[in-house]
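S.K.: Once you've looked at the hints, dock chain B against the given chain A.
Letter by letter, the chains look like this.
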Amino acid sequence: MPEPHRAPRDPLSASALALNSDYVGRVFGPGMPYEVSRVKIAEFAEAVGEGSELCRSADAARAAGYPDVIAPPTFAIVVSMASAGVAQSDPGLGLDYSMVVHGEQSFSHARPLHAGDVVVATTTIESIKELGTLSMLVTSTSIDTVEGEHVCTAKSTIVERGK
Amino acid sequence: MTVKYDDVSVGDTIPARTYSARRIDLVKYCGASGDFNPIHWNERFAVSVGLPGVIAHGMYTMAQAANFVSSWAGDPGAVVSFGVRFSAMVPVPDDTDPPLGGLEGGAQIEVSGTVKEKLGDGKVAVDLVAKSGGEKVLTRTRAVVRLP
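Here the protein sequences line up with chains A and B, keeping their order.
Residues 1 to 163, numbered by this note's numbering, are exactly what the first sequence covers, in order.
Residues 1 to 148, numbered by this note's numbering, are exactly what the second sequence covers, in order.
Where hints are given, some of them may not hold.
[What the hints assert, rightly or not] Restricting the straight-line Cα-Cα distance to at most 25 Å, the calculated cross-link-like pairs of lysine-lysine (BS3-like) are:
1. B:K123 / A:K155
2. A:K155 / B:K4
3. B:K136 / A:K155
Hint data in this document are derived by calculation from the structure and do not stem from the laboratory.
Okay, chain A solo, but in the shape it has when bound (with noise of 0.2 Å):
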């Protein structure tokens, strides 16, 4: 686990922010390349329970279009989450991790990823927001393939709870 790492504020300051917005619009990445697996996502697919043979078998996968097997549609949170985390974690931006659940979560794939592919994951900090006691930071992930197509970009806002 990450330490938190909140800074000490004023807190006579009304205006002082859970977060920092200065982090809003910075970019965190190209991070080191990921390169999906017939295994992670047959793991992937055991462990959500996702049943498919177009997850598990490159002949089935094959028979139905696709280059190889399929990740499941949530599979893309394995690669957005661990870009997304560089930025969450920046110690800058204020984050204590351990009071943060998951708000929302989107996907819009391009593709499916299949196994083979290569890809690179980006994040931005769209926004971050005050509600009462909680902060919703609001990251949006590219993941692109090495070779620069665009497969899958994931939404993710995550709500920090006040103490």
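M.R.: Below, chain B alone, put in the same frame as chain A:
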């Protein structure tokens, strides 16, 4: 069983299915996803940060809703876009016996769906509801699915 675009009408309902979330499922999801936040596996930690106990990953619940759509479409690759709001936590009781327990126990997540719009080009918008313990745990849940 594959649904065809021409056979689908706006207002069609997709019969509800129930999925389980047990502690073992969360541990497997931790490993598969790389999300080892202790609120998903350590009761003491979860309670210490004000939660009722260990809760399911929101992404585990979202993945169950994805399974629901993908099995309806007959192809996990048919899900073009998918978005959810996590509207309530899913507490997962520690009520199954090691090593794997049975299929009993844990939390139950019930998912149902309605075809909301035919978008052309084989694409349909499906709105989903996921409930656990009588509460809606996913809201604003829409999948766009490409059908043959």
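S.K.: Does each hint hold? Answer for all of them.
M.R.: Tested hints:
Annotation: proposed proximity of B:K123 to A:K155 holds, straight-line Cα distance about 21 Å (limit 25 Å). Between the alpha carbons of A:K155 and B:K4 the distance comes to roughly 29 Å, so the proposed pair goes past 25 Å and is violated. The hinted pair formed by B:K136 and A:K155 meets the criterion: a straight-line CA distance of about 21 Å does not exceed 25 Å.
Of the numbered hints listed earlier, the single one contradicted by the structure is hint 2.
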